[in-house]
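A.B. asks: Each chain, letter by letter, is given below.
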Amino acid sequence: MIRVRGLNKWFGDHHVLRDIDLDVDRGEVVVVIGPSGSGKSTLCRCLNRLEAAQQGEIVIDGTPAPLEGRALARLRADVGMVFQSFNLFQHKSVLDNVTLAPMKVRGVGRAEAERTARELLERVGIADQAGKLPAQLSGGQQQRAAIARALAMRPKVMLFDEPTSALDPEMVGEVLDVMTGLAADGMTMLVVTHEMGFARRAADRVVFMADGRVVEQGPPAAFFDGPQTDRARDFLAKVLTH
Amino acid sequence: MSALLDHLPELWQGLLVTLQLTVASFAGAAVAGTVITALRVSPVAVLRLLGTAYVETFQNLPLLVLLVLAFFGLPEIGIKAEPLTTAIVVIALYEAAYVAEALRSGVNAVARGQGEAARALGLTFGQSLRHVILPQALRTVVQPLGNIFIATTMNTALAGAVSVVELTTAANRVNLVEAQPIPIFVGAGLAYALIAACAGFVTGRLERRLVMVR
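Residue numbers (this note's numbering), protein chains in the order written: chain A, 6 to 247; chain B, 127 to 340.
Hints were generated in silico from the structure; no laboratory data involved. Owing to the predicted nature of the structure, the values given are computational and were not obtained by experimental measurement. One thing to keep in mind: the hints can contain errors.
[Said to hold, decoys possible] Only pairs whose alpha carbons sit at most 25 Å apart, straight line, appear in this in silico SDA-like list of lysine to any residue:
(1) K97(A) x Q240(B)
(2) K137(A) x R123(A)
(3) K109(A) x P261(B)
(4) K109(A) x K161(A)
(5) K97(A) x P270(B)
(6) K137(A) x Q253(B)
(7) K161(A) x G114(A)
(8) K97(A) x E179(A)
(9) K97(A) x V110(A)
(10) K137(A) x V236(B)
(11) K206(B) x A283(B)
(12) K161(A) x M108(A)
(13) K137(A) x R238(B)
(14) K97(A) x R334(B)
(15) K97(A) x G252(B)
(16) K97(A) x R120(A)
(17) K161(A) x A76(A)
(18) K137(A) x G239(B)
(19) K97(A) x V167(B)
(20) K243(A) x H199(A)
(21) K97(A) x N234(B)
(22) K137(A) x G114(A)
(23) K206(B) x L190(B)
(24) K97(A) x R238(B)
(25) K97(A) x R335(B)
(26) K97(A) x V328(B)
(27) K97(A) x L336(B)
(28) K97(A) x M108(A)
(29) K97(A) x G330(B)
(30) K109(A) x Q253(B)
(31) K97(A) x Q269(B)
(32) K137(A) x H257(B)
(33) K137(A) x V337(B)
(34) K161(A) x Q253(B)
(35) K137(A) x L125(A)
(36) K109(A) x V170(B)
(37) K161(A) x G11(A)
[Stated by the list, open to error] Chain B residues, not near chain A, derived (Cβ > 10 Å throughout):
(38) H133
(39) A277
(40) N281
Ideal Cβ placement from N, Cα and C applies to all residues, glycine included.
Throw the hints in and build the complete structure from the sequences for me.
C.D. replies: Printed below as a string of structure tokens:
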């Protein structure tokens, strides 16, 4: 579903992604972990070209990702994205947040868009919040609304860029539950996260990144119980011992 | 005082022209200003340059110069229009530069993530701007836009220089007959102040209604 080859990105002199090769198969859940500054968020944002990579190719569902213009917009419509800071449209109700893109991008009628939106809001457990503005919701509810908004486009793949990092601890669970449900339903997902429990439980494969490189990858059980590289062992020792 | 009351019909006519100039040119400025803002935040460098050049040109030239140039220059190149129409168009184009600057500061105040989320959903640049960025930008610049409206009201007095008989010119003409500048211009001034006060009132109401909880 996603194929990345030889991806390189620099922020000025800073080489943030170094020769990244990555594949995500249809229906696969890939969780990307690694220390802060390892480039995992940047990688996620490069996949739908919110960040421009200087080198390398990105192929989504057999189509090379276009660099700009309407072709790029069409690609993005098929790739759902959930952000760390939710980024719900602040001036629109939760329902309007979910219906906007289906109506404007897909040309769906309002009645149908609202019906789909209410189903999705039901699915993420916030159907009763449909009429509220984002600022009236808790962080966990906002992030679930953002997931519903992305799902409304019926994406082929969902990208999650640290979806729980901005949440109060007691709200992390409700968002991870929605994501686990999605994974169980067979959604193709790439998740950048610090939630090791989620990685272990929901991932088909864990990708460990450090210093802009993919250092190690494998099934979660194998990775967490017997990491092959010193860098991964060192990282896991730090995040799992407290 | 009688100087003022005896000439109420002429002054009233002048006030109507002032209102016409203000409303029409501000409406034009709002439309043109929005287009220029879109140019200035466009991902295409040439369009950004075009927007910047527009704003720099119109902000760096006095309105009076522009009015006189258009009044005498346009007929030279074969464009003939009523002085009132010419004045409305010139004031609209001039104020558009200020509207564009206010809107642009509003666009800059909208969180980066809003545009990213819109684009990530597949909205084009134009759609993101129209449905996500500009509606939020507008909410933060209601007050500055109100100020531009008031400035536009005052600036319409310059249309007198190109033979449009608006309020100030009407007052001036009455004064030439009556030679009582104090009551006549105090009266005209009060009329301007009333327009500005109305604008301030509406702006305040709008701002409270459109305030966006973040």
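A.B. asks: None of the hints should be skipped; say for each whether it holds.
C.D. replies: Hints and how they fare:
1. K97(A) x Q240(B): With a Cα-Cα distance of about 12 Å, the restraint between K97(A) and Q240(B) holds, given a limit of 25 Å.
2. K137(A) x R123(A): holds (13 Å)
3. K109(A) x P261(B): Holds. K109(A) to P261(B) sits at ~16 Å (cutoff 25 Å).
4. K109(A) x K161(A): holds (19 Å)
5. K97(A) x P270(B): holds (23 Å)
6. K137(A) x Q253(B): Within the cut-off at roughly 23 Å; holds.
7. K161(A) x G114(A): holds (21 Å)
8. K97(A) x E179(A): holds (23 Å)
9. K97(A) x V110(A): Given that 25 Å is the threshold and the Cα spacing comes to 17 Å, the pair holds.
10. K137(A) x V236(B): Holds: K137(A) and V236(B) sit about 20 Å apart, inside 25 Å.
11. K206(B) x A283(B): holds (22 Å)
12. K161(A) x M108(A): holds (18 Å)
13. K137(A) x R238(B): holds (22 Å)
14. K97(A) x R334(B): Cα-Cα ~17 Å, so holds.
15. K97(A) x G252(B): The given pair, whose Cα atoms are some 18 Å apart, holds under the 25 Å limit.
16. K97(A) x R120(A): Given pair K97(A), R120(A) holds - Cα atoms ~17 Å apart, limit 25 Å.
17. K161(A) x A76(A): holds (16 Å)
18. K137(A) x G239(B): holds (20 Å)
19. K97(A) x V167(B): Holds. K97(A) to V167(B) sits at ~22 Å (cutoff 25 Å).
20. K243(A) x H199(A): Distance of about 12 Å is within 25 Å: holds.
21. K97(A) x N234(B): The given pair, whose Cα atoms are some 19 Å apart, holds under the 25 Å limit.
22. K137(A) x G114(A): Judged against 25 Å, a Cα distance of about 22 Å means the pair holds.
23. K206(B) x L190(B): Measuring from Cα to Cα gives roughly 19 Å; hence the hint holds.
24. K97(A) x R238(B): Holds, at about 17 Å.
25. K97(A) x R335(B): Distance ~14 Å between K97(A) and R335(B) Cα, so the pair holds.
26. K97(A) x V328(B): holds (23 Å)
27. K97(A) x L336(B): holds (12 Å)
28. K97(A) x M108(A): Given pair K97(A), M108(A) holds - Cα atoms ~14 Å apart, limit 25 Å.
29. K97(A) x G330(B): This hinted pair holds, its Cα atoms lying about 22 Å apart.
30. K109(A) x Q253(B): Judged against 25 Å, a Cα distance of about 8 Å means the pair holds.
31. K97(A) x Q269(B): Holds, because 22 Å separates the two Cα atoms, which is no more than 25 Å.
32. K137(A) x H257(B): holds (18 Å)
33. K137(A) x V337(B): holds (15 Å)
34. K161(A) x Q253(B): holds (22 Å)
35. K137(A) x L125(A): holds (16 Å)
36. K109(A) x V170(B): Holds, because 23 Å separates the two Cα atoms, which is no more than 25 Å.
37. K161(A) x G11(A): At roughly 23 Å apart (the allowed maximum being 25 Å), G11(A) and K161(A) satisfy the hint.
38. H133: Since the minimum Cβ distance to chain A is about 49 Å, H133(B) lies beyond 10 Å and the statement holds.
39. A277: Nearest chain A Cβ is 27 Å from A277(B), so the label holds.
40. N281: holds (31 Å)
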